[in-house]
Amino acid sequence: MAGRGLFITFEGTDGTGKTTQIQRLSVDLRQANYDVCLTREPGGTPVSEQIRDMLLNPDHSEMAATTEVLLYAASRAQHVSEVIKPALKAGKIVISSRFADATVVYQGYGRGLDLERIHHLNRIATDGVTPDVTFVLDLPVEIGLQRVQKSRGGLDRLEREKIEFHRRLREGYQLLAKQEPQRLKLIDAQVNPEQVYAQIQAVIQPLLRQ
27 MAGRGLFITF
37 EGTDGTGKTT
47 QIQRLSVDLR
57 QANYDVCLTR
67 EPGGTPVSEQ
77 IRDMLLNPDH
87 SEMAATTEVL
97 LYAASRAQHV
107 SEVIKPALKA
117 GKIVISSRFA
127 DATVVYQGYG
137 RGLDLERIHH
147 LNRIATDGVT
157 PDVTFVLDLP
167 VEIGLQRVQK
177 SRGGLDRLER
187 EKIEFHRRLR
197 EGYQLLAKQE
207 PQRLKLIDAQ
217 VNPEQVYAQI
227 QAVIQPLLRQ
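Reminder that position 146 of the sequence shown reads as 172 in our numbering, one-by-one numbering, no gaps.
To be clear, the hints were calculated from the coordinates, so they are not data collected in a lab. A couple of the hints might just be wrong.
Straight line, CA to CA, 20 Å or less: simulated EDC-like cross-link-like pairs of lysine to aspartate or glutamate [to be verified]:
hint: 1; residue 1: K115; residue 2: D85
hint: 2; residue 1: K111; residue 2: E75
hint: 3; residue 1: K211; residue 2: E190
hint: 4; residue 1: K188; residue 2: D40
hint: 5; residue 1: K204; residue 2: D158
hint: 6; residue 1: K188; residue 2: E75
hint: 7; residue 1: K176; residue 2: E75
hint: 8; residue 1: K176; residue 2: E187
hint: 9; residue 1: K204; residue 2: D153
Beta-carbon label-pair distances, calculated as ranges [stated by the list, open to error]:
hint: 10; residue 1: G179; residue 2: D79; range: 30 to 36 Å
hint: 11; residue 1: D140; residue 2: R173; range: 28 to 34 Å
hint: 12; residue 1: I189; residue 2: Y60; range: 37 to 43 Å
hint: 13; residue 1: A224; residue 2: Q76; range: 24 to 30 Å
hint: 14; residue 1: Q76; residue 2: E142; range: 24 to 30 Å
Quick reminder that beta carbons are idealized off the backbone N, C-alpha and C, glycines included.
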């Protein structure tokens, strides 16, 4: 990994434990003297965080699907330009909670928007940046949503969608993992957090030795 950055993303439906695993991985990498840039989507920059507020606000239930996908693309373009590209250029390990795959799944498989248009938007927004590895934490959506409700006491605009929407998301992530198995690693998130982390470490360690 010497001389170049490493881009790691975490994906999955809501409540799969992404935050827990990201925090543990970032702590371990920093203790091993890696320079880690921790970020998230939507968000990661002041501009992108304001867009995040618009996207997830439950009061914005009237938001059109096309508006939604364009806002995600705008947030990502700023995120890539301001945070991700500079960090990778500096040789850092960038760990992001969600990235372009989330738009394919949520607005493509979830909302039913044209996948080719989404891929085109993603190509513009990412400016050629692709994760080295993406962990897709897989969990039945009913369990995940119960976890979110219990931990936060409320759901954001997307989390409030009907259960069928969330099932389409899980199926979308599973399909992406089958299509791109070299990059997207499907992780069983039904086991305990230690076992989830062991699956992640089995993939990360060979990458760090490159």
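Verification of the supplied hints:
1. K115 <-> D85: 39 Å, violated
2. K111 <-> E75: Satisfied, since the Cα-Cα distance of roughly 18 Å is no more than 20 Å.
3. K211 <-> E190: 24 Å, violated
4. K188 <-> D40: 13 Å, holds
5. K204 <-> D158: The given pair, whose Cα atoms are some 16 Å apart, holds under the 20 Å limit.
6. K188 <-> E75: 25 Å, violated
7. K176 <-> E75: Violated, at roughly 24 Å.
8. K176 <-> E187: Holds: K176 and E187 sit about 17 Å apart, inside 20 Å.
9. K204 <-> D153: 25 Å, violated
10. G179 <-> D79: 30 to 36 Å: 19 Å, violated
11. D140 <-> R173: 28 to 34 Å: At roughly 32 Å between Cβ atoms, R173 and D140 fall inside 28 to 34 Å, so the hint holds.
12. I189 <-> Y60: 37 to 43 Å: 39 Å, holds
13. A224 <-> Q76: 24 to 30 Å: 38 Å, violated
14. Q76 <-> E142: 24 to 30 Å: 29 Å, holds
The structure fails to meet hints 1, 3, 6, 7, 9, 10 and 13 from the earlier list, while all remaining hints are met.
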